[in-house]
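K.L.:
Now for the letters of each chain:
2 protein chains.
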Amino acid sequence: MLRIGLIGTGTVGGGVIAIIEQKKAEYREKLGIDLELACICAKTDEEVAPYKAKGYTVSTDADAMIANPDIDVLVELAGGYNMPRKWILAALNAGKHVVTANKALLAKHGHEIFPLAASKGLHVLFEAAVGGGIPIIRSLQEGLVGSTVESLSCIINGTCNYILSRMAQEGLDFDTVLKDAQRLGFAEADPTFDIEGIDSAHKTALLASLCSGHRVDFEKIHVTGISKITAQDIAIAKELGCTIKLLGIYNRDGDRVDARVHPCFVPQNHLLSSVNRVLNAVYLNCDNLGETLQTGAGAGRMPTASAVVADLVSLARSIDTGKRAALPMGWFNVENSATLVPISETSARYYFRITSRDERGVLAKITGILAENSISIETIIQKDVNDPGNVSIVVITEKVQDCRASKAIDAINALPEIVENSQVIRFLA
Amino acid sequence: MLRIGLIGTGTVGGGVIAIIEQKKAEYREKLGIDLELACICAKTDEEVAPYKAKGYTVSTDADAMIANPDIDVLVELAGGYNMPRKWILAALNAGKHVVTANKALLAKHGHEIFPLAASKGLHVLFEAAVGGGIPIIRSLQEGLVGSTVESLSCIINGTCNYILSRMAQEGLDFDTVLKDAQRLGFAEADPTFDIEGIDSAHKTALLASLCSGHRVDFEKIHVTGISKITAQDIAIAKELGCTIKLLGIYNRDGDRVDARVHPCFVPQNHLLSSVNRVLNAVYLNCDNLGETLQTGAGAGRMPTASAVVADLVSLARSIDTGKRAALPMGWFNVENSATLVPISETSARYYFRITSRDERGVLAKITGILAENSISIETIIQKDVNDPGNVSIVVITEKVQDCRASKAIDAINALPEIVENSQVIRFLA
Numbered sequence: 005m006l007r008i009g010l011i012g013t014g015t016v017g018g019g020v021i022a023i024i025e026q027k028k029a030e031y032r033e034k035l036g037i038d039l040e041l042a043c044i045c046a047k048t049d050e051e052v053a054p055y056k057a058k059g060y061t062v063s064t065d066a067d068a069m070i071a072n073p074d075i076d077v078l079v080e081l082a083g084g085y086n087m088p089r090k091w092i093l094a095a096l097n098a099g100k101h102v103v104t105a106n107k108a109l110l111a112k113h114g115h116e117i118f119p120l121a122a123s124k125g126l127h128v129l130f131e132a133a134v135g136g137g138i139p140i141i142r143s144l145q146e147g148l149v150g151s152t153v154e155s156l157s158c159i160i161n162g163t164c165n166y167i168l169s170r171m172a173q174e175g176l177d178f179d180t181v182l183k184d185a186q187r188l189g190f191a192e193a194d195p196t197f198d199i200e201g202i203d204s205a206h207k208t209a210l211l212a213s214l215c216s217g218h219r220v221d222f223e224k225i226h227v228t229g230i231s232k233i234t235a236q237d238i239a240i241a242k243e244l245g246c247t248i249k250l251l252g253i254y255n256r257d258g259d260r261v262d263a264r265v266h267p268c269f270v271p272q273n274h275l276l277s278s279v280n281r282v283l284n285a286v287y288l289n290c291d292n293l294g295e296t297l298q299t300g301a302g303a304g305r306m307p308t309a310s311a312v313v314a315d316l317v318s319l320a321r322s323i324d325t326g327k328r329a330a331l332p333m334g335w336f337n338v339e340n341s342a343t344l345v346p347i348s349e350t351s352a353r354y355y356f357r358i359t360s361r362d363e364r365g366v367l368a369k370i371t372g373i374l375a376e377n378s379i380s381i382e383t384i385i386q387k388d389v390n391d392p393g394n395v396s397i398v399v400i401t402e403k404v405q406d407c408r409a410s411k412a413i414d415a416i417n418a419l420p421e422i423v424e425n426s427q428v429i430r431f432l433a
Numbered sequence: 005m006l007r008i009g010l011i012g013t014g015t016v017g018g019g020v021i022a023i024i025e026q027k028k029a030e031y032r033e034k035l036g037i038d039l040e041l042a043c044i045c046a047k048t049d050e051e052v053a054p055y056k057a058k059g060y061t062v063s064t065d066a067d068a069m070i071a072n073p074d075i076d077v078l079v080e081l082a083g084g085y086n087m088p089r090k091w092i093l094a095a096l097n098a099g100k101h102v103v104t105a106n107k108a109l110l111a112k113h114g115h116e117i118f119p120l121a122a123s124k125g126l127h128v129l130f131e132a133a134v135g136g137g138i139p140i141i142r143s144l145q146e147g148l149v150g151s152t153v154e155s156l157s158c159i160i161n162g163t164c165n166y167i168l169s170r171m172a173q174e175g176l177d178f179d180t181v182l183k184d185a186q187r188l189g190f191a192e193a194d195p196t197f198d199i200e201g202i203d204s205a206h207k208t209a210l211l212a213s214l215c216s217g218h219r220v221d222f223e224k225i226h227v228t229g230i231s232k233i234t235a236q237d238i239a240i241a242k243e244l245g246c247t248i249k250l251l252g253i254y255n256r257d258g259d260r261v262d263a264r265v266h267p268c269f270v271p272q273n274h275l276l277s278s279v280n281r282v283l284n285a286v287y288l289n290c291d292n293l294g295e296t297l298q299t300g301a302g303a304g305r306m307p308t309a310s311a312v313v314a315d316l317v318s319l320a321r322s323i324d325t326g327k328r329a330a331l332p333m334g335w336f337n338v339e340n341s342a343t344l345v346p347i348s349e350t351s352a353r354y355y356f357r358i359t360s361r362d363e364r365g366v367l368a369k370i371t372g373i374l375a376e377n378s379i380s381i382e383t384i385i386q387k388d389v390n391d392p393g394n395v396s397i398v399v400i401t402e403k404v405q406d407c408r409a410s411k412a413i414d415a416i417n418a419l420p421e422i423v424e425n426s427q428v429i430r431f432l433a
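Just so you know, the protein sequences line up as chains E and V, in that order.
Heads up: the first sequence is residues 5 to 433, going by my numbering.
Heads up: the second sequence is residues 5 to 433, going by my numbering.
Just so you know, the hints here were simulated from the structure itself, not pulled from any lab data.
Identical copies carry no separate label here, and so any pair may be met within one copy or between two of them.
Heads up, simulated SDA-like pairs for lysine to any residue below, C-alpha to C-alpha not over 20 angstroms straight-line:
1. Lys-242 <-> Gln-272
2. Lys-124 <-> Leu-35
3. Lys-242 <-> Ser-278
4. Lys-34 <-> Arg-256
5. Lys-90 <-> Gly-125
6. Lys-387 <-> Gly-245
7. Lys-34 <-> Ser-341
8. Lys-47 <-> Thr-64
9. Lys-224 <-> Gly-258
10. Lys-34 <-> Gly-217
11. Lys-27 <-> Asn-337
12. Lys-47 <-> Tyr-85
13. Lys-369 <-> Glu-421
Taking the hints into account, I'd like the entire structure generated from these sequences.
P.N.:
Have a look at this one:
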């Protein structure tokens, strides 16, 4: 029997309780395991009242619940940083396993949490933290162990993918879609965390850690969000046979790790390009396995709760029949932070959208700067814009190192004819 | 330490040996497990000679190897039915776990193999048997346990998908592409097993068993292959915004199981429609998780070998640190065969392509027969064909039960104007 102490009765916590109630008998019969909700904990009496009424043991004192020897595993679904960090460390110190969906916490405090768990031989499971409904953590830890992941590209923020999909499908601009997404509940009132790529970076840090076998610190990941993507960028992408997606990217690079989050031009024949709206997807390229894609719901009450319950079932199976070494810790060295490839050393094909006054000689100056920086041009298109007197100049470069692309675009932005800072977006391939 | 006895040094067997050699040190260091190739067995001295030269213990006597107490797990990669069945049963009787990629054997003899393993508390792992590079078995057994699979549609035969993809992309007919596929090694000299859907049915039986929790017997699954799909069918599908795919299908239907294999019209906005060439894919609809798709290499030396090795790693992790109940058996009742929904009771939208002499009144007769069988017509298109004096009449029906569709098409085929048996293809949705 696995005795569960649950903190958080909100969206996901409530879903976890519902699934355990729904599946408890099936798990007992088919798998011989017993998931027991030993204590349900939330901040207020009001929050736990409905569960108390159903006969559950409830609490508003998380510390006491964690200290209780009758709990085997802490399921932390409260969200936030400070209290969950304290609870999880206390639970591990008290010899309890941990299941959480809190990617922000793991990305930020994983360097404390994972080593402690490893030293105690305890599990910290977090399938629900990345790509809710996609069993990607389990795939990386178990299904794909016969291969080494060479590269990973993922769409792991539903809000961003929803906004970019609707911009592409309806030709709308960013602010219009964001407002509508907020109205419909697909974006938060303060959307910064999502649209600036921070949430994607948390998840990318976890995936890159599992892929590389080294701890990848979230703070070291280069992040560019989607708030500066315009309807024009998306229209031009379409003309070029691409869609724009916010991607989390990992590449194996010798002993170093290339991990970053930024918008990308994705060719329409790539599997990721047709992953739309709130769907998430993880695309992997592996040495033995080749390419593989997993798509599914990235968030939402039941998909996320379902992933939490899958972790609880795994845990119950492991510890019911004899301890086995905790899995996730085996897969990356939690003590030492990986060395990341600086973004300036990465290479890509680039899209520059340069807005300039419509004056003679600008094109010559731009191509001159590109030539000075040894950047080969694949395509150059001049476009009229609604703004009279101005033009858009779109440049697609051949593959070039970021530092040269940056230097060139800084020089271009400094030209007197340039009206605003140029848009810079990388191609996925 | 997991002591492995391997039978079969062919494509996949050789790949397994290569991956174990490549990853052995990494597994020891990161996971604390040791995969030891204790004995490599093949039919002839010539086959095992290269491994003997490398210092491995080799054998040409599978029975003796299986009887050897120094073997913990039999890895059966020989292929075929009779000998592998005998070996696997002998291994289980001798208390050894089994890992195999032999879907045909499991589909045919699973009713002997699984109960024996269950009664002995042993594992029979077969990740490599379905969708080689896609960790779908593990997902169904572990990652998705928080949900119930309501329906599954999968592309799980690379040969068929390759042929259909090239027919669609190049407008070629079936025989031309098949010959080219044979020349290129994507189809066997005798392609019956693949193109008639038998291989897909083996895999669908396994997936339907895992989804339903009941043993689904391969022999009871309705199977239609792709050999009668014409370039014209594919062209018409494209006009209708669809691609034709050979699908393995599972639907939960109360206590019964709807499992079948047949070509389908798949709408181009469905995730499965862009899975092309030899790629495989499994699309699931789950109660809590919603929709999810996994795509990857379906076959090939290293993807398949990689899946076998993932099973060996799971096994080593389980048995190194204390026995745990064998997993797969928990998930379906191997004793009792599931009751299947007869194909005649299933419903779908239908595509009929009727070839008729170009005579007045035929359309009236056809629509009359459809009306008699209470079949509503969604679209009806008359098409000229190259054959002078004949026309093609394409009917798309609304959703109708198979028995009514069959009765109508039999009546249509019996009309004196009808030149050949009509083509009948279901829509996925």
